[in-house]
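Novice: Below, each chain spelled out in residue letters.
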Amino acid sequence: MPGSTQNPVPKTSAGRFFEDFHLGDVIVHATPRTVTAGDVSLYTALYGPRFAVQSSNAFAQAIGYPTAPVDDLLVFHIVFGKTVPDVSVNAVANLGYADGRFLKPVFPGDTLSTTSEVIGLKQTSAGDAGIVYVRSIGRNQHGEIVLSYARWVLVRKRTPGTPAHAEQVPELPKAVLPEELGEGCPPLDLSAYDDALAGSRFRWGDYAPGERIDHVDGMTVEEAEHQIATRLYQNTAKVHFDGHGARSTRFGKRLIYGGHVISLARALSFNGLGNAFHIAALNGGRHVAPLFAGDTVFAWSEVLEVAELPGREDVGALRLRLVATKNRPCADHPLKTGEGYDPDVILDLDYWALLPR
Amino acid sequence: MPGSTQNPVPKTSAGRFFEDFHLGDVIVHATPRTVTAGDVSLYTALYGPRFAVQSSNAFAQAIGYPTAPVDDLLVFHIVFGKTVPDVSVNAVANLGYADGRFLKPVFPGDTLSTTSEVIGLKQTSAGDAGIVYVRSIGRNQHGEIVLSYARWVLVRKRTPGTPAHAEQVPELPKAVLPEELGEGCPPLDLSAYDDALAGSRFRWGDYAPGERIDHVDGMTVEEAEHQIATRLYQNTAKVHFDGHGARSTRFGKRLIYGGHVISLARALSFNGLGNAFHIAALNGGRHVAPLFAGDTVFAWSEVLEVAELPGREDVGALRLRLVATKNRPCADHPLKTGEGYDPDVILDLDYWALLPR
Amino acid sequence: MPGSTQNPVPKTSAGRFFEDFHLGDVIVHATPRTVTAGDVSLYTALYGPRFAVQSSNAFAQAIGYPTAPVDDLLVFHIVFGKTVPDVSVNAVANLGYADGRFLKPVFPGDTLSTTSEVIGLKQTSAGDAGIVYVRSIGRNQHGEIVLSYARWVLVRKRTPGTPAHAEQVPELPKAVLPEELGEGCPPLDLSAYDDALAGSRFRWGDYAPGERIDHVDGMTVEEAEHQIATRLYQNTAKVHFDGHGARSTRFGKRLIYGGHVISLARALSFNGLGNAFHIAALNGGRHVAPLFAGDTVFAWSEVLEVAELPGREDVGALRLRLVATKNRPCADHPLKTGEGYDPDVILDLDYWALLPR
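Chains as they are written, first to last, in the working numbering: chain A, 1 to 357; chain B, 1001 to 1357; chain C, 2001 to 2357.
Calculated from the structure, these hints are not laboratory results.
Mixed in with the good hints there might be a few duds.
Sample of chain C residues at the chain B side, in silico, Cβ under 7 Å [to be verified]: (1) Ala-2045; (2) Ala-2058; (3) Ala-2208; (4) Asp-2217; (5) Glu-2222; (6) Thr-2296.
For every residue, glycine included, the Cβ atom is placed at its ideal position computed from N, Cα and C.
With the hints as extra help, turn the sequences into a complete structure.
Specialist: Below, the structure written as C-alpha cells:
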C-alpha cells in the first residue's frame, strides 16, 4: 500500500553526525560500481599518467598481468567516494589516512563496493564535534579485498554537547611494513620488462634514501576538470560542486577534492619515477592547504626508504614522500618553513611504490 | 565522373525550414551510434548519478538484467541528438515533449539510430514561423524500438508568408498510462535487491501522492561540461557551442542544452529517490528558463501519482514532478509565483519512474 | 644494491636538445597505449564528429569493417603524443608535417607504440638551435605500421654554438600519391552504404577541384577541454598545461595543442563532407597562428584534387585543403591577405580523404 501523505517519512539523507557513529558499526556504502575502460580513459584524460603497465594491455600481459590493471589511485578514489555520503558529508575536516594497502589488482569489468567499520571515536574538547576513525574496505565482485585503509575525519555533532557513546583512539602504524607490500602485484617476468617502453632506465636499485627528485612540470586545474573527476568517483561532497553555496564560505569558492591533487602529483612524478608503476601502500597523507581552480600543481619526491620484499626477486619497494605545491615550481624542494609547512605546499603524502629490480 | 567546378551543388546543409516539413514525412536521421562503456563513464562523470542498477553489472545481474543497462536519459540524449540537424537547427524554441516511452533497455554495444515522423504542423498567426510536431523513434541494431516520444518546436520559415502545406495538431496524452510503463524493465528478482547497496530503504510503497522531496545538493555547471556532454550526444545545436556568435544574441552567451539540466536534476534526485532506478516514461516537460555556465542547479520532486503496474508484483510506478532551479536551494519547493513560474525555476518535468515494491 | 645518496644520477629527463640528435638514430618512445572504447567516447565528446563509419559498429560492419575503426586523428594524436617528451619538449616551434599515411585501421583493443628516426638535421644561421626532421612510425601490437609521417621542429641547443654532427635535409613529397592511399581502408561493400544514415547524399563523384565549402558552425574551446584532450594523448608539452609558467611567456597564457584545432576543424567539416569518412594521408600542414581558450573555431574546405584509386571501384580520393579560423565565420573562405595569411586563419592543412563512389 502506498504511504500516507500525512507526515511522510523524510526521504532525504542528511548524513551521519558524530553521535550517529558507534564503535564497531559496519556501514555498507551505496552504489557498487563496475570499473570500465571508460573510467580508465577518463582517468588518463584528467591526469595524464604514463605508466606503461596501466596504459598498455600488451605491456602488462608481457610481464605477467592478465591485462592492464586499473590505476591504483582510480581504485582508491572509487572506493573512497562511496564512503562520503555516510562518513564525511558532515565533516569539518579530513584529518588523515593511514595503513592503506592495495591488496589485489583491479581490472576493467570488476565491480567495486565499500564497507567502513567505525574503529575509533574521540570528541573534541569543545564538545561540538568529534573525530571518527573508520577502516574502509573495498571489495571486488568476488568479495576479495582490493583495498583497505584507515581514515579519520572531524564530524559535527547534530546536538552540541551530546556525549560520545564511547571513546577509543585506534593504534595505526606509521608505515606499512615491507613484508606486507607485495599482494597487489603478481609475480613479474622481468625479462619482458622493456625500459624504453616504460620510459625510464632507472630500476629499484638506482634510488637511494634521501634522494630528492623535482618532477619539473606544472598542471593547472580547471573547475570542469575536478568536477568531472570527482563525479566519476561518485563522491558527493558538496564543497566540490556547489559554487552558489561556496560563495558564503570562508574560501568563497569551490574546494578541489584532495584526491585530485594526489592523482595530479602522482602523474607528474612519472618524470623521475617512470618505473614506480604500482602503489602498494599509503602510509599517511595530509592535505596541507586547499587547492582551487586556476591554481597550477607542481610536485617533487623524496626517497624515504629502499626496501626488499621478502621472497621476491622481481620487484622492490621505495617509500616515497610526494609533495605537491601550488603555483610554485619545485626545483628547491619546498616543504617546511620554520615550524610549519611552506605556504605553497598543499600535499604531503607518504606511500610505498613498487619498481622492477 | 567528378562533378563540375562551375556551379557545384552546395554541399552544406542549412537544415529544414517550416515549409520543408510535410505531414507524414519520415526523416531518417544521420549517424547511428554504438553506445559503449566509454559513454557510460562520461555520463557518470558529467552528472554523478548513483543508481545501483546502472552503475554495477553485479547488482543488475543479480536482479535479472543481463548486465547494467545504460541510463535512460543517456539513451534519450543520443536518440534526441540525431534529430537536431534535421528538425530543430532552425528552431526558434523547443516547445514541449509528450508521450515519451522507454520501451527496451539499452546495453553497451547496442547501436542506436533515430527516425522522426512529422505528425503535426501549425503556422503562427504572424506567418513567419510554424510549430512542427514530430514523433521520434529510437531503435537498436535489431530494429527494436527503445524509445518513442513526441516533441514540438517552433521553426522559422525560409520565406515568411509561405502557406503551410497542411495544418494538423496531434492529440497527445497528458500522461502515459500505468499499463504502458513496464516494457523497458525486465521482470526483477527482488530477493536479490539490496537496499543498502542501492542506497535507499524506501521502496515504491513508502511514497505518497503530494509528498515533496528536496534533493538538497547543488551542482554548478561549467562551459566545458555542457559542451562535452552535448557533443557526446552528437547534438549540433549551435547555441550550445558558438560563443563567438552568441555574443550578438539576446543572452550574449552560450545556452546550455535543456537535456543537460534534466540529467543534472535526475542525478541530484538520487538523494530521496535512490530506488527510482528506471525512467519508464516522460509525460511532458518544459524548459521554463535558460541555464548558463556558472549557474548552480538545485532540484526537488513532488510525487504526483502512485500506480501499480498491471500484472507485476516486482515494481511499481511513481509519477513525479521534477523541478530544477538555478542558484536557489529548494527547501521551500519553489515552483510558481502568481500566474507564472518562479523566476528561479528552470525545469518542470513530469515523468514516471519505476521502483522495487 | 640500492644506489648511493651521494650524487645520485638525476632521474628526471630534461628532453633532447639539438646536439643530442644524430642522423639515423631511432628513438623508441615510452608508454605503449591500448586504445579503448573509452578513448573513442572521449574523442566524440571533445570534438563532436559524426562520421557514421567511426560512430557505429553496425554501419561499419555492414560495409566491410570488422567493427567501427578508431578515428584516424585519434590515432594520429596518440602516436604523436608519445614523441613529445623525446623530440619536441625543447622545441621552439613545430614547423611542419609531410608524407603522413594511415596504413591500417585501428580498432578498440589495439595497443599503439611509436618510434622516430632522425632523418634530417640543419642548424640555424644563428647557431643556437636547429631543425630536427623525424619520421615517426606508429605500430599496433602485432608490429604492423598503422601510421607513418614526417615532422620537423626547431629545437634549442643545450650549448649555443655547438656544431651539428651532420647536416642533411630530407626530400619529402609535396603530397602523397593517389596510388599510395588505399591501404588504411578495407574493400567496401557499397551496396550496404546508406547515405541517409551517413548524413550526406554527396559521393566522391559529386565534388570538383576548386570547389569551396563553408562548414558554417563554430566551436568555442575551453581550457578544460584542450587539457583533457591533450592528456588523453599523453602529450606532455608543458605549454598546454602550465598556466603558472605561461604567465611569463609572450602570450601570457596556455597554448592549445595544434592537433586539437585539426580535430575540431575536421569534425566541423562533416557538414559538407559527411561521406569523407577516412583520412588516408596528411600531405602537409601549418599551424599559422596560435589558438587560446575562449576562442571560437570555424572552418572551410577547398577541393584541391579529385583522384581515383588504382584498382578500386569502391572509394575515391579528394585532396582537401582544410582551413580553420578563430572568431571568424568562413562564408567568404578567408585564407591569405597580401603576402601572408589572413590574421584570423590558424590552420592550413592539406590532406587526402576517401569517399564512397
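Novice: Hint by hint, say whether it matches the structure.
Specialist: Each hint, compared with the structure:
1. Ala-2045: With Cβ-Cβ at 4 Å, under 7 Å, it holds.
2. Ala-2058: With a closest approach of 4 Å, the Ala-2058/C hint holds.
3. Ala-2208: Nearest chain B Cβ about 4 Å off; hint holds.
4. Asp-2217: Nearest chain B Cβ about 5 Å off; hint holds.
5. Glu-2222: holds, 4 Å
6. Thr-2296: The hint holds - Thr-2296/C has a Cβ within 7 Å of chain B, the shortest such distance being about 4 Å.
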